[in-house]
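2 protein chains.
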Amino acid sequence: MPHDLYYSPTPPKDGMLTITGPEARHISRVMRHEVGSVIGVVDGAGGEHEVELTAVRSDRVVGRVLSDTRGAREPKHRVAIAQAVLKGDHLAQVCSQTTELGVSRIIPFLSARTVGRLSPAKLDRLRAVSLAALKSSTRTVLPKIDAPVEFDRLLKLDGEFDQVLVAYEDETGTGLDKALKRAAHSVLIVVGPEGGFEPAEIEALKSVGAAPFTLGPRRLRAETAAITVAAMALGLLGDLG
Amino acid sequence: MPHDLYYSPTPPKDGMLTITGPEARHISRVMRHEVGSVIGVVDGAGGEHEVELTAVRSDRVVGRVLSDTRGAREPKHRVAIAQAVLKGDHLAQVCSQTTELGVSRIIPFLSARTVGRLSPAKLDRLRAVSLAALKSSTRTVLPKIDAPVEFDRLLKLDGEFDQVLVAYEDETGTGLDKALKRAAHSVLIVVGPEGGFEPAEIEALKSVGAAPFTLGPRRLRAETAAITVAAMALGLLGDLG
Chain A
798 MPHDLYYSPT
808 PPKDGMLTIT
818 GPEARHISRV
828 MRHEVGSVIG
838 VVDGAGGEHE
848 VELTAVRSDR
858 VVGRVLSDTR
868 GAREPKHRVA
878 IAQAVLKGDH
888 LAQVCSQTTE
898 LGVSRIIPFL
908 SARTVGRLSP
918 AKLDRLRAVS
928 LAALKSSTRT
938 VLPKIDAPVE
948 FDRLLKLDGE
958 FDQVLVAYED
968 ETGTGLDKAL
978 KRAAHSVLIV
988 VGPEGGFEPA
998 EIEALKSVGA
1008 APFTLGPRRL
1018 RAETAAITVA
1028 AMALGLLGDL
1038 G
Chain B
798 MPHDLYYSPT
808 PPKDGMLTIT
818 GPEARHISRV
828 MRHEVGSVIG
838 VVDGAGGEHE
848 VELTAVRSDR
858 VVGRVLSDTR
868 GAREPKHRVA
878 IAQAVLKGDH
888 LAQVCSQTTE
898 LGVSRIIPFL
908 SARTVGRLSP
918 AKLDRLRAVS
928 LAALKSSTRT
938 VLPKIDAPVE
948 FDRLLKLDGE
958 FDQVLVAYED
968 ETGTGLDKAL
978 KRAAHSVLIV
988 VGPEGGFEPA
998 EIEALKSVGA
1008 APFTLGPRRL
1018 RAETAAITVA
1028 AMALGLLGDL
1038 G
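Residue numbers (this note's numbering), protein chains in the order written: chain A, 798 to 1038; chain B, 798 to 1038.
The shape of chain A in the complex, shown without the other chains:
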């Protein structure tokens, strides 16, 4: 596992990689790398380069690509989380921790009982938090964080996933281990707002094939539920060790 990992989406050219912006500053000024240092650079799309630095400036770092790998340390399954917009900083926690765990995509949505909104500035922050988590977790794929969608949009996502699941507090009996199809390669798990779903919303999700499941008799805060379902699903699919 590399211990000094950076992010730059620009592909190498003629075997040379150029890094600009804040990440160049971080490499040169904060981590004080010099010519000859070898660092790891991920592109957020699965690519990872081992790079030997040939020029180091605070605004521009250049290096020779020594080797390339693809998809290192990534889960074999795509687990996406659709999470109702939450008040305060809770969505940032969800984005950070589910990125570490290995989710492929996070879809914030608005539903009948959603309180709070997701401004463009806040969305930018979610993406920044997720990028920081990518680096700390040594992931190579940056999860896509969608701009917030209306609830109805969720009903049209089933074609993109092998299975859609929804955490529902009034569901009894079927837990995630029973509801999750082990043969699924891609799963979308929907987690509601603090106030839960309207029964009509659950019915609409069920009508497009979404399977409701319970997380047990205790009431989990939405952000705890999101992190829990990501951990449980990735664990059940064999992607957490």
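Please keep in mind that the hints were generated in silico from the structure rather than gathered at the bench.
Any copy, or any two copies together, can satisfy a pair, since identical chains are not distinguished.
DSS-like mimics (lysine-lysine), calculated; alpha carbons at most 30 Å apart, straight line:
hint, residue 1, residue 2
1, Lys-975, Lys-932
2, Lys-873, Lys-932
3, Lys-884, Lys-932
4, Lys-978, Lys-941
5, Lys-975, Lys-873
6, Lys-919, Lys-884
Computed from a prediction, not measured in an experiment: that's the story for all the values here.
Start from chain A and add chain B according to the hints.
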């Protein structure tokens, strides 16, 4: 599931329950309950009373106990987390979210690479955060949060649990689902500090029977690891639905 739940450890006397302090203020002033209201009160040791209020003052609320239950909504297994002390507010997040999930006990400890300390004031705050999580999750048992212990103390806890597990980033191959004995009624799971364990610490834990396991190839922050192992263990034992 009760929707208005309060905490008071004092037992009823002659069928009457008296609540004082901040919780009395919360019932009377914030939630504006009046004589005749029926509320739920948990004692943090598994007891839960349904109480009809007979006197409401801001410093003292009295009510008649209508019914008692024990251990409602609690997991069947005891899952305890030993978590190395963490910098900043991360231990509070661990206490809050693992309380919601259903852990029985949280043991903060100090190890070779532990950075940060846990002052008595901060320990009080962890207990307050856990109590708030008990109420929001409608638990009836308040997890015990130990005062911080030295690493060596962990080596003497194996007699109190059917199994001791340790999350170890250099472990490969054995995930939690393989390491966790399903017949265990009580499990202690040890999670290290940000910098991980010293190899000698892992050897010492193994020498008293602790089983190391991996959480996969990504590097999880300590607080994410703690919440993840609580979710996975309770899930695998059948206590999350």
